[in-house]
Amino acid sequence: MKNQILWDCHMHSSFSADSETPMEDMIQAAISRNLSGICFTEHFDPDYPADPDGLTFDLDIPAYHARLHHLKEKYSQDLQIHFGIEIGLQPHLAQQFRQLLEDHPFDFVIGSSHVVHGQDPYYPEFYKGRKVTRCYMEYFESILENLSVFDQMDVYGHLDYIVRYGPGQNASYSYGRFQDILDEILKQLIRSQVGLELNTGGYHYGLGEPNPCSQVIRRYRELGGEIVTIGADAHDPSKVAYGFEKAADLLADCGFTYYTVFCGRKPQFLKL
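Okay, so the sequence shown: first residue is 1 according to UniProt numbering, each after it adds one.
Treat the hints with care, since some could be wrong.
Stated by the list, open to error - The calculated label-pair distances, taken between Cβ atoms and stated as ranges, are:
1) Lys271 x Gln193: 15 to 25 Å
2) Lys246 x Pro267: 18 to 28 Å
3) Pro267 x Gly54: 23 to 33 Å
To be verified - With a straight-line cut-off of 16 Å between C-alpha atoms, the simulated EDC-like cross-links for lysine to aspartate or glutamate are:
4) Lys187 x Glu222
5) Lys187 x Glu145
6) Lys74 x Asp25
7) Lys187 x Glu245
8) Lys2 x Glu245
9) Lys2 x Asp253
10) Lys266 x Glu226
11) Lys266 x Asp253
12) Lys74 x Glu24
Hints in this document: simulated from the structure, not taken from any laboratory. Every residue, glycine too, gets a C-beta built ideally from N, C-alpha and C.
Please work from the sequences and hints to get the whole structure.
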């Protein structure tokens, strides 16, 4: 029997600033792909810098929760639906996020680095006049800065997110090139009992790898890491469960026999 992943635990709908897709459309896509369950992880990035596209990553959490609850009941015979969030980490937001997680009954919390010292590396301005490798190093350093003050998320999202958008994408990037700092990050995650997300968005961004890359996932396992969630980072129905066959084989090749789904902030380990 081939390896398979039946839960997509990272997706967005029109409750996120960068998606226009109704939540119900994402649910129907998941059902059509024969998934067992999904977790919506809408964006919440307080203090997001002024955006050239005019986006603000606020989130109406009560409205989001109410809509999800309604659809969870409507589709209860077809699909399990969990209530998650993707928080955009910055060190000065640590206390705000602690309070947020006390105030709302999330099933799953992804902590992600979208902003590095006041800039989002999605935009070319972050790289202007600088070596790409230095930009990547600053991104990884900012992850350690975040972990030093906040570690209450369930997993760290798309750990090498920056290589999706840097000049040349991952031409200037490999685990070996940044091994020391990536190992330090992985060890800190394991010490803090924060898991790692395997984000298949890297495949649909043309990297030929997930985020983080396969060598980082393998190293996480070698260091004793056990918690790996899987998400396609879909913002529209066409990307739901994207690349999951590759992800399942990759996890098995890295030594995993299971993947992780969170319910009520508790990890559940499902066989590949």
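Q) So which of those numbered hints doesn't the model satisfy? A) Numbers 3, 7, 11, in rising order.
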